[in-house]
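Asks: Now for the letters of each chain:
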Amino acid sequence: MKREKDFKFILVDILLIIGIILPIVCGMVLDVLTSPAVDGVNITGARIYFTINMPIQDFPITEAQINSAIVVISLLFLCLFLTHGIKEKPDSIRQHIAEYIVEKTDSLVHDNMGRYFMSFAPFIAAIMGISLLSSLLSLVGLFPPTSDINIIAGWSILVFFIITHYKMKCGPLYYLKGLTEPIVLLTPLNILGEVSTPISMAFRHYGNVLSGSVISVLITAALQGLSQKLLGWIPGTLGQFPLLQIGLPAVLSIYFDVFSSCLQAFIFAMLTMLNISTAFPQEDYLARQRRKAEKRRIRNAGKMISTN
Amino acid sequence: MLVPEVQNLDIISVNIWQMLVSMINLLLLLLIIKKFLYKPVREALSKRKETIDGQYSDAARAKQNAVSAQRAWEDKLSEAQSDADAIIDEARIAAKRKSDDIISAADAKAKVIVHRAQVDAELEKKKAQASIRGEIVDVSMLLTEKMIGREINETDHRKLIDSFINGIDSADGIGDDDNVNNQ
Numbered sequence: 000m001k002r003e004k005d006f007k008f009i010l011v012d013i014l015l016i017i018g019i020i021l022p023i024v025c026g027m028v029l030d031v032l033t034s035p036a037v038d039g040v041n042i043t044g045a046r047i048y049f050t051i052n053m054p055i056q057d058f059p060i061t062e063a064q065i066n067s068a069i070v071v072i073s074l075l076f077l078c079l080f081l082t083h084g085i086k087e088k089p090d091s092i093r094q095h096i097a098e099y100i101v102e103k104t105d106s107l108v109h110d111n112m113g114r115y116f117m118s119f120a121p122f123i124a125a126i127m128g129i130s131l132l133s134s135l136l137s138l139v140g141l142f143p144p145t146s147d148i149n150i151i152a153g154w155s156i157l158v159f160f161i162i163t164h165y166k167m168k169c170g171p172l173y174y175l176k177g178l179t180e181p182i183v184l185l186t187p188l189n190i191l192g193e194v195s196t197p198i199s200m201a202f203r204h205y206g207n208v209l210s211g212s213v214i215s216v217l218i219t220a221a222l223q224g225l226s227q228k229l230l231g232w233i234p235g236t237l238g239q240f241p242l243l244q245i246g247l248p249a250v251l252s253i254y255f256d257v258f259s260s261c262l263q264a265f266i267f268a269m270l271t272m273l274n275i276s277t278a279f280p281q282e283d284y285l286a287r288q289r290r291k292a293e294k295r296r297i298r299n300a301g302k303m304i305s306t307n
Numbered sequence: 000m001l002v003p004e005v006q007n008l009d010i011i012s013v014n015i016w017q018m019l020v021s022m023i024n025l026l027l028l029l030l031i032i033k034k035f036l037y038k039p040v041r042e043a044l045s046k047r048k049e050t051i052d053g054q055y056s057d058a059a060r061a062k063q064n065a066v067s068a069q070r071a072w073e074d075k076l077s078e079a080q081s082d083a084d085a086i087i088d089e090a091r092i093a094a095k096r097k098s099d100d101i102i103s104a105a106d107a108k109a110k111v112i113v114h115r116a117q118v119d120a121e122l123e124k125k126k127a128q129a130s131i132r133g134e135i136v137d138v139s140m141l142l143t144e145k146m147i148g149r150e151i152n153e154t155d156h157r158k159l160i161d162s163f164i165n166g167i168d169s170a171d172g173i174g175d176d177d178n179v180n181n182q
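Protein chains in written order, with numbering that gives the first Met the number 0: chain U, 0 to 307; chain A, 0 to 182.
Next up, chain U with everything else stripped away, as it sits in the complex (with noise of 0.2 Å):
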C-alpha cells in the first residue's frame, strides 16, 4: 500500500519535472525550426511567427509572446513541483524551498513597504520569478522576452495601475490635488512625473537585457573577424575556426545572462515595492478613515435621536 503511494508520488514527480522542462524545450526545437542562417551582425528584434489581425493594431505572435508563455507554464509547474507533497513537518528539500522563497519575499515586503502592504509578497514574488526566468531563456539560446520593450511595458504598466489606484486611495480629489503642488505652475511637470515612472521601469529592465544581448553579439562577431585575420592564412576548414571565440564570450555570457539576470529582475521588484509604498500617502489615508467614522457615527447618532 505503501510503496503504491510512492510509485504515485514520484511518477507525479516526473511528470511536473516533465511539465517544468518541456516548454523550454519546446521553444528550443522551435526555435532552432525557425532560426534563419545568419551572416554577420544581426541586431533585431523578436522573430514574428504570424499576425493576428486586431482592432488598433496588428497582434504579431512573436518569439517574446511565445517565450513568456513558456516562462509562465514552467513557473506553474516548479509552483506545484516545489509545493507537492508540502507537509506540515518538512521532510524534503524542495519545501525548504518553498518555505524560504516565501519568507523570504515576506521578509522583503515587509522591510520595504510596509505591514500594510503584507498581501503583495505574491505580486512581488511572481515579478521577480518572471523577470529572472524570462532573462534566464537566452542561457538556453532562447531570445529573452525581457529584451523586448512590449513585455516590460506590460509588466511596468500594471505597476502603474497599481502605483495610481493606491494614490487615489484618498479619492482622486486628493490625487488631482497632488499634481498641483507644490504650486500649480508645476503641474504638466508632475503629470509627465506619473508617466515616465512606469517608462523608465521598462526602459531601465529591457536596455539592461537587450544590451548585453547587443554587447555580446558585437563581441562575437568582432572576435570571429579576429580570428579570421589571425588563421586566415591556412588553407581548408581550419582557416575558418574561430579560435578566439572559444572563452571569452562565455565569461561574457556569465556577466550578461546570469548575473545581470538576477540583478535586473531584483531592481525591477524593488522599485515596484518602492514606488508602490511611497506613492500610497497612508497617514492621510488614515486619517480620512477616522474622519469617515466620525461623521458615520454623528450620523447614526442623529438618526436614533430623530428616530426616539
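Just so you know, the hints here were simulated from the structure itself, not pulled from any lab data.
So the derived label-pair ranges between C-beta atoms look like this:
#, chain 1, residue 1, chain 2, residue 2, range
1, U, Ala300, A, Glu49, 39 to 49 Å
2, U, Thr277, A, Leu30, 23 to 33 Å
3, A, Arg60, U, Arg114, 26 to 36 Å
Computed from a predicted structure; not experimentally measured. Glycine included, each C-beta is placed from N, C-alpha and C at the ideal position.
Given the coordinates of chain U, work out where chain A should sit on it, guided by the hints.
Replies: Chain A alone, transformed into the frame defined by chain U:
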C-alpha cells in the same frame, strides 16, 4: 526551416496587444503563485505554528501542574511536620502531668505512712509509759511493804524517794527499776 520568409520586429516596436498579453501573463502568474505556492506554504507554516504553540502551552501547563503539585506536597509535608511536633508536645505534657501525679501521690502516701508511724510510736510510748507507771506502782507497793516490814532507815528512805522522783522526772522508769531491783 518551417517559415521560409522570416520577419522580425524592429528593435523597439510598441504594440498595445503585446503589452496587454504580457500584463495578463503577469496577472496569471500572480494567481498561479498565490494559489500554488503561497497558499500551501502558508497553510503548512500556520499549521506548524499552531502545533508548536500547542506544544509550548502543553509544556507550560505541565510545568504549572508540576509546580502546584510540588507546592501541595511541600504544604502537606510541613503540615505533617507541625502535626508531629504537636503530637510530641502533647505526649510530653501528658507524660509530665502523669509523672507529677505519680510523684504527688507517692508524696501523699509517704506522708500518710510517716504519720501513721508517728502515731504508732506515740501509742507505743504511751503504752510504755502506762506499763512503767504500773510497774512503779507495783514497786512502790513492794517498797512500802518492805518499809512497813522493817525499820525505816531515814537516809535510805530519803535516797529512795529522791531516785523515785528523779525516775518520774526523767520519765524513764527502766533505770529506776534497775536501781530499785538492785536495792
